[in-house]
Structure formats: C-alpha cells, structure tokens
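A.B. asks: Can you build the whole structure from these sequences, using the hints too?
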Amino acid sequence: MKAYLSKHRNDMIIIGLFALASFLSFFLRWDFGLRTANSFAQSLVEMLSFLPAIFILIGLVDAWVPKEIVAKHTGEGSGWKSSLWMMLLAMLQIGPLYAAFPVACLMWKKGTSPRNIFIYLGAFCTLKLPMLGFEVGFLGIKFTMLRTLLSVPVFIIIAIVIDKFFGRNLVINDVSESKGAKSNTENARVNG
Amino acid sequence: MIALYVVVVVLLLLSLAISRQKTIRALKTGAMMLLNLLPPFVSILMIVALVLTLLGPETIQFWLGNRSGCIAYVIAAVVGSVALIPGPAAYPMSGMLVDNGVAYPVIAVFITTLMMVGIVTLPLERKFFGMKLALARNALNFVGALGIGMTMALVWNLL
Numbered sequence: 238m239k240a241y242l243s244k245h246r247n248d249m250i251i252i253g254l255f256a257l258a259s260f261l262s263f264f265l266r267w268d269f270g271l272r273t274a275n276s277f278a279q280s281l282v283e284m285l286s287f288l289p290a291i292f293i294l295i296g297l298v299d300a301w302v303p304k305e306i307v308a309k310h311t312g313e314g315s316g317w318k319s320s321l322w323m324m325l326l327a328m329l330q331i332g333p334l335y336a337a338f339p340v341a342c343l344m345w346k347k348g349t350s351p352r353n354i355f356i357y358l359g360a361f362c363t364l365k366l367p368m369l370g371f372e373v374g375f376l377g378i379k380f381t382m383l384r385t386l387l388s389v390p391v392f393i394i395i396a397i398v399i400d401k402f403f404g405r406n407l408v409i410n411d412v413s414e415s416k417g418a419k420s421n422t423e424n425a426r427v428n429g
Numbered sequence: 043m044i045a046l047y048v049v050v051v052v053l054l055l056l057s058l059a060i061s062r063q064k065t066i067r068a069l070k071t072g073a074m075m076l077l078n079l080l081p082p083f084v085s086i087l088m089i090v091a092l093v094l095t096l097l098g099p100e101t102i103q104f105w106l107g108n109r110s111g112c113i114a115y116v117i118a119a120v121v122g123s124v125a126l127i128p129g130p131a132a133y134p135m136s137g138m139l140v141d142n143g144v145a146y147p148v149i150a151v152f153i154t155t156l157m158m159v160g161i162v163t164l165p166l167e168r169k170f171f172g173m174k175l176a177l178a179r180n181a182l183n184f185v186g187a188l189g190i191g192m193t194m195a196l197v198w199n200l201l
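Sequence lines, in order, name chains A and B.
Note that this note's numbering has the first sequence beginning at 238, numbered continuously upward.
Note that this note's numbering has the second sequence beginning at 43, numbered continuously upward.
Don't read these hints as lab results, they were simulated from the structure.
Predicted, not measured: the structure shown is a model, and the values here were computed from it.
Think of the CB as a built atom: it goes at the ideal place given N, C-alpha and C, for glycine as much as any other residue.
Watch out, some of these pointers could steer you wrong.
[Unchecked claim] Stretch-level coverage of chain A by chain B, calculated; a stretch enters the list once three of its residues show a Cβ under 8 Å from a Cβ in chain B:
#1 282–288
#2 299–305
#3 335–343
#4 346–352
#5 373–380
#6 392–404
C.D. replies: Okay, here's the thing in structure tokens:
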C-alpha cells in the first residue's frame, strides 16, 4: 500500500487536492468548483463503467497470446509475410515510442530489413492491443476501427519511403547502454 | 457497452473452460494493470475537467469544434507533436474533448501525432537514427497524421 502510494505520489496529490476543493465548493456553494466537480464526476462514472471489461480483455490477451511464438515467425526472410508477423508482435507490446527504439536497434543488428523495422515502429505506435482497448472504451468502436484502418496504409507507405531513401545505408546506433535510455525503457512499462 | 460485457464474459468462460490457471493469471494481470493505471486515469480526468471548465465549452468549440475548420487540425497536430502525454492518459482526455464538441477526425490527428511524432524526444531519437532520418520519420508521420484526419473527416458521415 505504501509502495503503491509513493509510486503514484503526483497523481495522489492531484486527486487529494481536487477532492478537497470539491468538498469545499460544496459547502461554500462555489459555482465554478461545483461545475468542475460535476464534469469530473460524469466522466469518472463513464470511465468506470467500461474499465473492468477492458482490463479483463487485456489480461486474457496477455495470458493466451504467447509473444515468443510470434517473435519466432518474424525472423523468416524479409518479405511481406514477415511484415505481418512484425505488426502482430508490435501489437502485443506496451510503452511509448521511444521505448521501441532500442528494440529497433536490436532488430537491425539481427538483420531485419529496414522496411520491416519501420513497419514495426508504425504498428507499435498505432496498433498496441491494450491501447486499442482503451480507445474502444473512451472513443467508441467506429472511431477505433476507422483510425486503425487508415493508419495501417499510412505507416506502411512511410516505411517504404524510408526504406527507399535511407534503407541502403541504414545505421541504428546502440545507445541502450547509456543510463538515460535505460530508465526511459523502465518508465515505459509504467507509462504504458 | 452491453455488447462489450457480453464479449468479455463469453471469452472469460471460454478461457475458464480451457484452463483455470491461465484464467486466474489473466485476471491477476488485468487487475494489476487496472490498479496501476487508475491513479493516472483519475488525475487526468480531474485536470481536464478543470481546464475545460476554465476555458468553457464555447472556447473549446470555437478552436476545435466542427466549424473551426482547418485550424482545429493544425492545433491538434501541433499539440499532439509537442505534448508528452502517456498513451493511457490521452484516451480519457480525448473522450472528454469529444463530449465537449470536438470532432472525431480532430481527435484522430491529435492521437496519431501524439503517438507517432515526438518533438521533445527528438534528441533521444537522433541518437538512434541520426538527425536526418529522425527528422524525416517525424515529418512523414506528421503529414501522415493530417492525412488520416482529413480522410476520416471525409468518410465519417458516410458510415
């Protein structure tokens, strides 16, 4: 409990202050405070109504889709079939984009084609399954489907363009040894 | 909403029928993630509620609403490129913006640039890819995000 509170210290401070301000607004009948609290309460109820379902889904995917098997398939040549496996692998990850750079470097060292590396990065940004779960919850299935369907051709085109102009002498430096990058990757697990 | 829960319950029962152990692990993973993401979720809702009440729905709709045209997309793209908002926090925030009259295609631009373009993380990205490639990747994704938003604006009402 103590570890949990200290880990989320900043959030807890915000939550505490907000709760205090709402409480005071209620007694002082401060209109601005009441409107803010009301707006918050509405979105909180909306969020809490679907959040359990989303997290059960995320847990199920995590338990049933073995990352290792997907990762194995990405090594097969550099054709479009492996691009598809790359996208699948990216969908199973979590974390912000800069956490994927060290992974891109690792792939480059292992001889993954430049196009597939950038397809991986594109899919990593836009198709991560837990994120899609939140997206469906907060913004609806229509929005999520449409954005996903539009994003896939866009990041594939970007990967092809980058491959064309930078592919021949692509170098991805290994900076993951430095402290900065490492702590970023660690943060990534928290920041999702 | 009901459909979502029906799907989840069916999948959960299916999982339970195949493996009790894995299902328990799945529920544990989900519960842990929920516990860890609840504080940032709740605090971002509070911050956004405060900002939205400060600005008022009129201001939001003036700059990002249906009638503000191209400027809404430009604002969304620039803010999305510069801001360093963690993914999970961006969705509740976007949901509240939609509730306040911001169009879905504008949200698409905001979310896409937020995820694919990183001005603040450019110094870090440069170390991996070199300046030229890092700039090219960000520029291409910036344009791509605007493309996604505009296409969405064109087809949204058709669906």
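A.B. asks: What are the numbers of the hints the structure violates, in ascending order?
C.D. replies: 4
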